[in-house]
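S.K.: The lines below spell out each chain.
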Amino acid sequence: MSGLATSAAPAGAAAAARSAAPGGDPLRAVDVTKTFGGLVALDHVSIELRPGEVHGLIGPNGSGKTTMLNMLSGYYEPSSGSVTLGAERLEAASVQRRATLGIARTFQKPRLLPTLSVLENAMLGGWVHARAGFLDTALGLPRAGREDAEIRERATELLHGIGLGHAIARRANLLEHAEQRFLEIARGLAMRPRFIMLDEPAGGLSNDEIEHLGDIVRTMRDAGIGVLLVEHHTDFVFRVCDRVTALDVGKTIRHGTPDEVRTDPEVIRVYLGA
Amino acid sequence: MLFVIVSGLATGALFAATALVYNVMFSTSKVLSVTTGHIPMLGGVFGAYAISGLGLPWWLGLFTGVAVGALFGWLTDVVAIRRVLARSDEHLWLLSTLAVATMIQQAVGLWWGTEPRPFPRLIPQDFTAGLADQKFWLPVALAVVMAVGLELFYSRTMYGKLFVAMSEDAFAARARGVSTDRIRVASYVLAGALGGLTGFAAGQLTFAYFALGMTLTLNGFIALAVGGLGSNTGALIGGFALGLLNTFASYFFGGEYQQTIAVGLLMVVLLVRPEGLLGSRNVRPV
Amino acid sequence: MDTKRFAVSVVFAIAALTLPLWAGDQYQLHLATLIAAYWVLIGGLNLVIGYSGQLSIGHVGLLSIGAYAFAILAGKAGVHPALAVAGAGALCGFAGLVLGLPSLRLPGFYFAMATMAVSLIVGEFVLAQGELTGGGIGLAVPGFPAPFDTPAGFYYLVAAAAAVVTWLTWNVARRMQGRGLIAIRDSVVTAQAVGVPVFRAKLVAFLFSGVAAGVGGALFASLQSYITPDTFHFELSMFFFVCIIIGGRGSILGPFIGVVVLTALPELVSPLAKLGNFFYGLLLLLVVLVVPEGIGRLFEVLAERLRPRKLESVPVRPDLPRLARAIREGR
Numbered sequence: 001m002s003g004l005a006t007s008a009a010p011a012g013a014a015a016a017a018r019s020a021a022p023g024g025d026p027l028r029a030v031d032v033t034k035t036f037g038g039l040v041a042l043d044h045v046s047i048e049l050r051p052g053e054v055h056g057l058i059g060p061n062g063s064g065k066t067t068m069l070n071m072l073s074g075y076y077e078p079s080s081g082s083v084t085l086g087a088e089r090l091e092a093a094s095v096q097r098r099a100t101l102g103i104a105r106t107f108q109k110p111r112l113l114p115t116l117s118v119l120e121n122a123m124l125g126g127w128v129h130a131r132a133g134f135l136d137t138a139l140g141l142p143r144a145g146r147e148d149a150e151i152r153e154r155a156t157e158l159l160h161g162i163g164l165g166h167a168i169a170r171r172a173n174l175l176e177h178a179e180q181r182f183l184e185i186a187r188g189l190a191m192r193p194r195f196i197m198l199d200e201p202a203g204g205l206s207n208d209e210i211e212h213l214g215d216i217v218r219t220m221r222d223a224g225i226g227v228l229l230v231e232h233h234t235d236f237v238f239r240v241c242d243r244v245t246a247l248d249v250g251k252t253i254r255h256g257t258p259d260e261v262r263t264d265p266e267v268i269r270v271y272l273g274a
Numbered sequence: 001m002l003f004v005i006v007s008g009l010a011t012g013a014l015f016a017a018t019a020l021v022y023n024v025m026f027s028t029s030k031v032l033s034v035t036t037g038h039i040p041m042l043g044g045v046f047g048a049y050a051i052s053g054l055g056l057p058w059w060l061g062l063f064t065g066v067a068v069g070a071l072f073g074w075l076t077d078v079v080a081i082r083r084v085l086a087r088s089d090e091h092l093w094l095l096s097t098l099a100v101a102t103m104i105q106q107a108v109g110l111w112w113g114t115e116p117r118p119f120p121r122l123i124p125q126d127f128t129a130g131l132a133d134q135k136f137w138l139p140v141a142l143a144v145v146m147a148v149g150l151e152l153f154y155s156r157t158m159y160g161k162l163f164v165a166m167s168e169d170a171f172a173a174r175a176r177g178v179s180t181d182r183i184r185v186a187s188y189v190l191a192g193a194l195g196g197l198t199g200f201a202a203g204q205l206t207f208a209y210f211a212l213g214m215t216l217t218l219n220g221f222i223a224l225a226v227g228g229l230g231s232n233t234g235a236l237i238g239g240f241a242l243g244l245l246n247t248f249a250s251y252f253f254g255g256e257y258q259q260t261i262a263v264g265l266l267m268v269v270l271l272v273r274p275e276g277l278l279g280s281r282n283v284r285p286v
Numbered sequence: 001m002d003t004k005r006f007a008v009s010v011v012f013a014i015a016a017l018t019l020p021l022w023a024g025d026q027y028q029l030h031l032a033t034l035i036a037a038y039w040v041l042i043g044g045l046n047l048v049i050g051y052s053g054q055l056s057i058g059h060v061g062l063l064s065i066g067a068y069a070f071a072i073l074a075g076k077a078g079v080h081p082a083l084a085v086a087g088a089g090a091l092c093g094f095a096g097l098v099l100g101l102p103s104l105r106l107p108g109f110y111f112a113m114a115t116m117a118v119s120l121i122v123g124e125f126v127l128a129q130g131e132l133t134g135g136g137i138g139l140a141v142p143g144f145p146a147p148f149d150t151p152a153g154f155y156y157l158v159a160a161a162a163a164v165v166t167w168l169t170w171n172v173a174r175r176m177q178g179r180g181l182i183a184i185r186d187s188v189v190t191a192q193a194v195g196v197p198v199f200r201a202k203l204v205a206f207l208f209s210g211v212a213a214g215v216g217g218a219l220f221a222s223l224q225s226y227i228t229p230d231t232f233h234f235e236l237s238m239f240f241f242v243c244i245i246i247g248g249r250g251s252i253l254g255p256f257i258g259v260v261v262l263t264a265l266p267e268l269v270s271p272l273a274k275l276g277n278f279f280y281g282l283l284l285l286l287v288v289l290v291v292p293e294g295i296g297r298l299f300e301v302l303a304e305r306l307r308p309r310k311l312e313s314v315p316v317r318p319d320l321p322r323l324a325r326a327i328r329e330g331r
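Chains as they are written, first to last, in the working numbering: chain A, 1 to 274; chain U, 1 to 286; chain E, 1 to 331.
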């Protein structure tokens, strides 16, 4: 089933306002196949991530959803098919190149710098747009200091906004699990991304924290960011996403609105029980 | 000319054996220990001490060399590896093994002296034996026997198969109930014993010299990297290639640029085939 | 920078500025100058080892290149010492580039061995090219013209170079460049994800450390006034390395205190001098096992043990309007 099939038109004024907002090009994987030796992880899968939209990617273990995320973010090259952002072909683009194009991600196991503070970890996201190089910085030229202050201020605001204001000066290795996850999102947002891809962000979170995560995802979407949500927690996915793609053993089994996917018999059979 | 080949094979055998020791330790811990070259050094020094210093018969000297090597292997694990592997910082084992290597080298230097001291004759033989001198063929024989022995160990014995299982997937091995900690310690003791034996066999070639450790750590590593991390056949090839290259270069160009040539070989191989001649692509030492 | 570190730095700065006045004798002044010369190299090396996490154990080779370059340029070729220092720095920077290009792509152990091998190669080269370098006999090294031709004058020159290196590296350390290097050290995946060009960043840091080693080597050589291949033994590489690790990675002040203490200690406690490298190895091992982040953290770790501060668990509570505003402001 082609992932690019027209989805059901989003209903409601809010949705209409969103689709009218200046979005920019979508991030697309078109007919992508990825094999590892003899194993076919992805089999002709297409997915489209639009700015200002939350796209959920679900599937059982081994369905290829993590492979897809890793491929979109630049850690794998597809064996066939293409990855595009507007006119640009991304299959061979490095992780760093994708970062400059505004593609951010979080990791299944949070990756933070343990010896630095929460604020400094969040500030890392500002790297991609900083212009001051090694020499500028070493010589103490004003640009380096100015950029640093701007990044610091923005990261502070993001951290307060995401709910980590109480921990800004704390060393990152002293954070609790949920705090680590939110810090990774703040760092991603510091990159001023067009797209942010969350790798099982609800893992290990309490119900309250998942609520907050949902609010944050919606806030990101309303601000025009395209969010890819790879998740096991299907209730959460259906609550928060505008569109959902369900994978099984590397193939797309259903793509559409949360309601469509949730009630699809194949999805129910493979994934939701029974 | 034949002399060049024979002496090249002999020093090459020493490098190859050191590379084999690296492999044994790496297989279970995924660590390349800086102390690897110091084990043969200890085998040679303590072997010489036992025979020349204490007047013990050659087989007790051999036992001493092997025992000290095994002890040092065990010590490396206890002090430098065990606590460090538990932490997530990947660089730490490099620092800890470097620290232990430095300490053992200095300690031996302070006790044994900094001059290379002669290693006793093991088998009664004239010093005019030329090419047939045991200082050449003892290391070569040992390297080959070691490589064959290890292959048999890995394929025929229970313990050996556990080593292999652990090196391929330590997580799965642990999930199956294998005590990976004990296997690792055993591998370090085995590596130590083999290293001690190597040093003992090559003692007449290298003399009992405290500074041998760092040289062997480096050259044994070059042999390992050239031949391919994880491959015992590669270790032999890499070692012999390095040894022959050294002696041939000395013969033709003088002995001044030995290290340069060795590193040159390493760099060329790594640039063309980063995993070494016989290495597998997914064996990545961190 | 927190007040504690600021205070300590100010104390050091004042002590350094006034040192010739209160130093006991010529020998202590010489020692201080030596520390400053070491720091020129170690300050640069700190970015490589302490920040980007590349464990180079062969920097004595670069020190040697800088020293011999200076001795040859200023001595044999009669170039003005100031130009000779610049030449030594440039040559060493180039050497750093040549060494770094193939080896910085290698995994940690390979890289360490490559740097050690290169330091041995430099040693071989120095011995072999006797015509140029004086071979085993060594070279006399000229001093600097007035006002740097007195011990106090030369001390101020080297101290000034040390101050410059400190300032340059401190700038890098506290800005985004420094954070990028730390990311390379602690989580390469994170560094890539935020756009850090990992290889290029490592190479730039390594090149900088090369230039610093060249300048440090030149000043070191001039201080020693005579250099031989034996001056540049492998133990010196260990010493540089250990100063940084013990002082603490990710810090400028830590390794500086490390150099001061580790240079002065064998002088003050003579049994330690005899132990030499054994002592450095032991210190390194203790630090790695007990306080891997360096002695600087030792005090904090102890303080935590004695006075455990229970961190109250504060629930994460987003401020959505603030978040929305922050996101929009960045677009």
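In case anyone wonders, no lab produced these hints; they're calculated from the structure. A virtual CB, placed ideally from N, CA and C, is assigned to each residue, including glycine. Treat each hint with caution, since some may be false.
Where chain U lies over chain E, by a calculated footprint (3+ residues, C-beta under 8 Å) [to be verified]: (1) 47-59; (2) 106-118; (3) 139-148; (4) 275-281.
S.K.: Does the structure break any of the earlier hints, and which numbers would those be?
M.R.: 3
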